[in-house]
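A.B. asks: Take a look at the letters that make up each chain.
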Amino acid sequence: MSYTGWILLTASLVGISCGLVGTLLLLRRMAMMADAISHTVLPGIVVAYLLTRQLSGVHMLIGATAAGLLTAVLVQWLHNRGVQQEASIGIVLTTLFAVGVALIATRVGNVHLDVQHALMGEIAFIPWERVDLPGIGSVPEATVMLSVVLLLVLLLIVAFFKEWKITSFDPALAASLGLPVALMHYVLMTMVSVTAVASFDAVGAVMVVAMLVTPAAAAYLWTDRLSAMMALSSAFGVLSAFAGYYTALWLNTSISGSMAFCTGVVFVVSFLCSPKHGMIAKRLRPARQ
Amino acid sequence: MMAALSPNAQWVLFSTLILGVAAGIVGCLAHWKRQSLMSDALAHAALPGVVIGYVLAGVKSLPFMIAGAAASALLGALFVQWIRTGSRVKEDAAMGIVLSVFFGFGIMLLTIVNHLPGGNQSGLDGFIFGQAAAMVRKDVWMMAGLALLVVLVVAVSFKEWKLFLFDPRFARGLGLSGRWMDAMYTALLVLVIVVGIQAVGVILMAALLIIPAVSARYWTHSFGRMLILSALFGGGAGVAGTLISVKGEGWPTGPFIVIAASALFAVSFLFGARKGLLVGWVQRYIRKRRDARILDGNRIRRDERLPRTISEAERVH
Numbered sequence: 000m001s002y003t004g005w006i007l008l009t010a011s012l013v014g015i016s017c018g019l020v021g022t023l024l025l026l027r028r029m030a031m032m033a034d035a036i037s038h039t040v041l042p043g044i045v046v047a048y049l050l051t052r053q054l055s056g057v058h059m060l061i062g063a064t065a066a067g068l069l070t071a072v073l074v075q076w077l078h079n080r081g082v083q084q085e086a087s088i089g090i091v092l093t094t095l096f097a098v099g100v101a102l103i104a105t106r107v108g109n110v111h112l113d114v115q116h117a118l119m120g121e122i123a124f125i126p127w128e129r130v131d132l133p134g135i136g137s138v139p140e141a142t143v144m145l146s147v148v149l150l151l152v153l154l155l156i157v158a159f160f161k162e163w164k165i166t167s168f169d170p171a172l173a174a175s176l177g178l179p180v181a182l183m184h185y186v187l188m189t190m191v192s193v194t195a196v197a198s199f200d201a202v203g204a205v206m207v208v209a210m211l212v213t214p215a216a217a218a219y220l221w222t223d224r225l226s227a228m229m230a231l232s233s234a235f236g237v238l239s240a241f242a243g244y245y246t247a248l249w250l251n252t253s254i255s256g257s258m259a260f261c262t263g264v265v266f267v268v269s270f271l272c273s274p275k276h277g278m279i280a281k282r283l284r285p286a287r288q
Numbered sequence: 000m001m002a003a004l005s006p007n008a009q010w011v012l013f014s015t016l017i018l019g020v021a022a023g024i025v026g027c028l029a030h031w032k033r034q035s036l037m038s039d040a041l042a043h044a045a046l047p048g049v050v051i052g053y054v055l056a057g058v059k060s061l062p063f064m065i066a067g068a069a070a071s072a073l074l075g076a077l078f079v080q081w082i083r084t085g086s087r088v089k090e091d092a093a094m095g096i097v098l099s100v101f102f103g104f105g106i107m108l109l110t111i112v113n114h115l116p117g118g119n120q121s122g123l124d125g126f127i128f129g130q131a132a133a134m135v136r137k138d139v140w141m142m143a144g145l146a147l148l149v150v151l152v153v154a155v156s157f158k159e160w161k162l163f164l165f166d167p168r169f170a171r172g173l174g175l176s177g178r179w180m181d182a183m184y185t186a187l188l189v190l191v192i193v194v195g196i197q198a199v200g201v202i203l204m205a206a207l208l209i210i211p212a213v214s215a216r217y218w219t220h221s222f223g224r225m226l227i228l229s230a231l232f233g234g235g236a237g238v239a240g241t242l243i244s245v246k247g248e249g250w251p252t253g254p255f256i257v258i259a260a261s262a263l264f265a266v267s268f269l270f271g272a273r274k275g276l277l278v279g280w281v282q283r284y285i286r287k288r289r290d291a292r293i294l295d296g297n298r299i300r301r302d303e304r305l306p307r308t309i310s311e312a313e314r315v316h
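Which chain is which? The protein sequence lines are A and B, in order. Quick note on numbering: the first sequence equals residues 0 to 288 in numbering that gives the first Met the number 0. Quick note on numbering: the second sequence equals residues 0 to 316 in numbering that gives the first Met the number 0.
Honestly, the hints are just simulated from the structure, not real lab data. The reader is advised that the hints may include incorrect statements.
[Claimed, not checked] Just a few of them, taken from the derived set where beta-carbon distance is under 8 Å, the chain B residues facing chain A:
no.: 1; residue: Phe13
no.: 2; residue: Asp39
no.: 3; residue: Thr84
no.: 4; residue: Arg87
no.: 5; residue: Ile96
no.: 6; residue: Met183
no.: 7; residue: Tyr184
no.: 8; residue: Leu242
no.: 9; residue: Val245
Don't be surprised by glycine CBs; every beta carbon is placed ideally from N, CA and C.
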């Protein structure tokens, strides 16, 4: 496959997995947890690097997933001890991220790992770091990792679709039915962390937030069905990835930045034009008496 | 300690002190409006404005960049408001959207500017993580002036803020315009954020608004004292973080200020006099002891009950 093809494929994989996970986050009103986890993945990666002195996929994945889960646990713990939910997200997010940046500045400080890269990603370099897969040939490492993550996420969501639906829309009912609500919360947090770290290398932390929150919010304006919302949100993610790539090419600018920007454009279009919840439709609809 | 620092470092120290104080005070307002993460969204949203301000001015001029940052952060606040009221998307998602899309746009612009001739030396990257050392004396004066303005505004209208935050209906009854106070609050928040991004950076600026206020809450129940404590914590974190960051070559200021603030939070969380963990444990321990004593008393009384049989009576005597 061509250079452009690999980039588009990788970004689309990010769009689909983020779209699926983001839908669940949005319905549980935990969009800002996406912000928190995608930032705190950084210290996880830095600590994993300091311990093993290598930047391989597996170490990063473990370190970052652990950091993501630690974030979820810490936020919950502080919240249980009387800190406002928002404030506890803010405290954990900024503290862990600051630790990550400070560690990079003081301990690492080399070309392999820099903050700029972590924030904005370097999707342009992805097609060059390849691994050989038996039967398929040489494939970029990030693409392989993202495919595995997407499969995992898809499997978890399809297998427990009913459970996700109930715990998202009516947690009280789910608890009274005996569903493990807390466990599902932490499974979701793990999915967010794994998705964030796999996407991290490709598109960077902030772009992960954009892909997790914005397409899901746009899809929320078009449909009331969970399955349709997930499909739409993934489609919006892929659309933004394509549009973002070509915009970046045209303006000669950051690919992940313009992908994030394009998710915003998709949202604005939905916000204005959605038939049921859009601004224009609301204006045109006669006022109910 | 001051004597060991270069004159420039002393200026920087002074500015982060004032900034911390202002952020601590406005953070208290945000805390009671339950809008902690709004500061995070607005700080990220300021980035495109910084770059546009740089492009318009042609050189790195702080007033232009601050004006740009303020305009784009205000636009972000407006968008959050608009999404929240105009659609069924909730506030948390609206903040996530504004944060990531504005930041993405900012990165786009930043990359374009860095590709321009001479753009690489613009020092714009410093706005992402904060590079207080890059400030010159003129910048420090401006930052300090704006931060002092924020402190003054809150101090002068302290009573109004208290009323507005804790009993908005009563405030309206007294003729205080809620809309005006809301606008004022957003203006103060944006002002502190744009003043701070030069020193702390857009990503970590939220910490300076959130952490001192939450820490202060552990020491007092009074709003006035909380404001003062939060200002002290913010200023202390600013000074401590700056002092640590000047020890290394090219170390960013922002992360160290945040880590200092977090350390203060950890201390307050553990040892705070009002809601701290330790106080909670001690209170629980005392209650347990008291309960145990009462139980013991019952047991003694049970032992002293009258003998029920003759053989029992003989054993006792």
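A.B. asks: Return the status of the interface hint for Phe13 (chain B): holds when the least beta-carbon distance to chain A is below 8 Å, violated otherwise.
C.D. replies: 22 Å, violated
A.B. asks: Going by Cβ atoms only, is Leu242 (chain B) closer than 8 Å to chain A?
C.D. replies: Leu242 (chain B) check fails; min Cβ-Cβ to chain A is 14 Å, beyond 8 Å.
A.B. asks: Go through the hint on Tyr184 (chain B) and say holds or violated, using the shortest Cβ distance to chain A against 8 Å.
C.D. replies: 16 Å, violated
A.B. asks: Against chain A, is Val245 (chain B) within 8 Å by beta-carbon distance?
C.D. replies: With Cβ-Cβ at 13 Å, over 8 Å, it is violated.
A.B. asks: Against chain A, with CB atoms and a cut of 8 Å, does the hint on Ile96 (chain B) hold up?
C.D. replies: This interface hint holds because 5 Å falls under the 8 Å limit.
A.B. asks: Closer than 8 Å between Cβ atoms is the bar; does Met183 (chain B) clear it against chain A? Give me holds or violated.
C.D. replies: 21 Å, violated
A.B. asks: Taking the least C-beta to C-beta distance, is Thr84 (chain B) closer than 8 Å to chain A?
C.D. replies: 11 Å, violated
A.B. asks: Is the interface hint for Arg87 (chain B) satisfied, with its Cβ closer than 8 Å to some Cβ of chain A?
C.D. replies: At 6 Å from the nearest chain A Cβ, Arg87 (chain B) passes the 8 Å test, so the hint holds.
A.B. asks: Please check whether Asp39 (chain B) passes as an interface residue: C-beta within 8 Å of a C-beta belonging to chain A.
C.D. replies: 6 Å, holds
This entry does not satisfy hints 1, 3, 6, 7, 8 and 9, going by the numbered hints stated previously.
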